[in-house]
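Undergrad: Chains as they are written, first to last, in our numbering: chain A, 1 to 112; chain B, 1 to 114.
Derived by calculation from the structure, the hints in this document are not laboratory data. Do not rely on the hints blindly, as some may be mistaken.
[Claimed, not checked] Heads up, simulated EDC-like pairs for lysine to aspartate or glutamate below, C-alpha to C-alpha not over 20 Å straight-line:
id, chain 1, residue 1, chain 2, residue 2
1, A, Lys81, A, Glu41
2, A, Lys68, A, Asp52
3, A, Lys68, A, Glu55
4, A, Lys81, A, Glu14
5, B, Lys11, A, Glu41
6, A, Lys76, A, Glu56
7, A, Lys57, A, Glu77
8, A, Lys57, B, Glu102
9, B, Lys57, A, Asp94
Owing to the predicted nature of the structure, the values given are computational and were not obtained by experimental measurement.
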Amino acid sequence: GQNIDQPTEMTATEGAIVQINCTYQTSGFNGLFWYQQHAGEAPTFLSYNVLDGLEEKGRFSSFLSRSKGYSYLLLKELQMKDSASYLCAVRSMDTGRRALTFGSGTRLQVQP
Amino acid sequence: GAGVSQSPSNKVTEKGKDVELRCDPISGHTALYWYRQSLGQGLEFLIYFQGNSAPDKSGLPSDRFSAERTGGSVSTLTIQRTQQEDSAVYLCASSEGGAGVEAFFGQGTRLTVV
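With the rest of the complex left out, here is chain A (with noise of 0.2 Å):
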């Protein structure tokens, strides 16, 4: 089966950097993801890692190390509106489970 954690709720401050941890069990694996939703809307597509290391994208890096089963999304100069929830998500070429499996989570509050 697959398993996915990520911590159920972060406080941080505007300006400052927050990095939101997901460790994953899975067989198979084929990539992951993190999506960004703000409340009462669809999940939006933040990164993809695959490879291990860092992909960098404006304020959002993500890291990937397979060995570990573990990725972070990293946030740089927060902004009040990245306030939102942050899932992980992992994709499994085994039979039968190629689609993607979210983890729970991570609802970000960014203060002032």
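Please build the complex by placing chain B on the supplied structure of chain A, with the hints as guidance.
TA: Chain B in isolation, oriented as in the chain A frame:
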């Protein structure tokens, strides 16, 4: 269309009734997913369609749930004999189907069973 379209956006139904939820994926996307999200919770996988392959139905919570995808495009999720615990937002997503491509989500259907 420009994005994934779901209808209706809101549905209130009486316990025991059947409901159908519709998803129009982005044109050309071969992969289509249905997820369910209860208030304040993560996304629960329901079913996955990829091209002409047999769908992955491993996430359907009971035999009251079924889904079909006609002509490789529009999908309908049907819930029979609805129960109060079926109340949730049902999200549909589509992607081009490759290993690394992102999935685009619709705005969801908020289902309330009273």
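Undergrad: All hints, please: hold or fail.
TA: Hints and how they fare:
A hinted pair counts as satisfied when its Cα atoms are at most 20 Å apart, and Lys81(A) with Glu41(A) qualifies at roughly 13 Å. At roughly 10 Å between alpha-carbon atoms, Lys68(A) and Asp52(A) fall within 20 Å of each other, so this suggested pair holds. Simply put, Lys68(A) and Glu55(A) have alpha-carbon atoms about 17 Å apart, close enough for the 20 Å limit, and the pair holds. Note on Lys81(A) and Glu14(A): the hinted pairing holds, with a Cα-Cα distance of about 10 Å set against a maximum of 20 Å.
Taking the CA atoms of Lys11(B) and Glu41(A), the gap is near 17 Å; set against the 20 Å cutoff, the hint holds. Between Lys76(A) and Glu56(A), the direct Cα distance comes to roughly 11 Å. Compliance with the 20 Å bound is thereby established for this hinted pair. This hinted pair checks out: Lys57(A) and Glu77(A) have alpha carbons roughly 13 Å apart, not beyond 20 Å. Of the pairs offered as hints, the one joining Lys57(A) and Glu102(B) holds, with about 15 Å between alpha carbons and a cut-off of 20 Å not exceeded.
Of the pairs offered as hints, the one joining Lys57(B) and Asp94(A) holds, with about 14 Å between alpha carbons and a cut-off of 20 Å not exceeded.
When each numbered hint is compared with the structure, no violation occurs for any of them.
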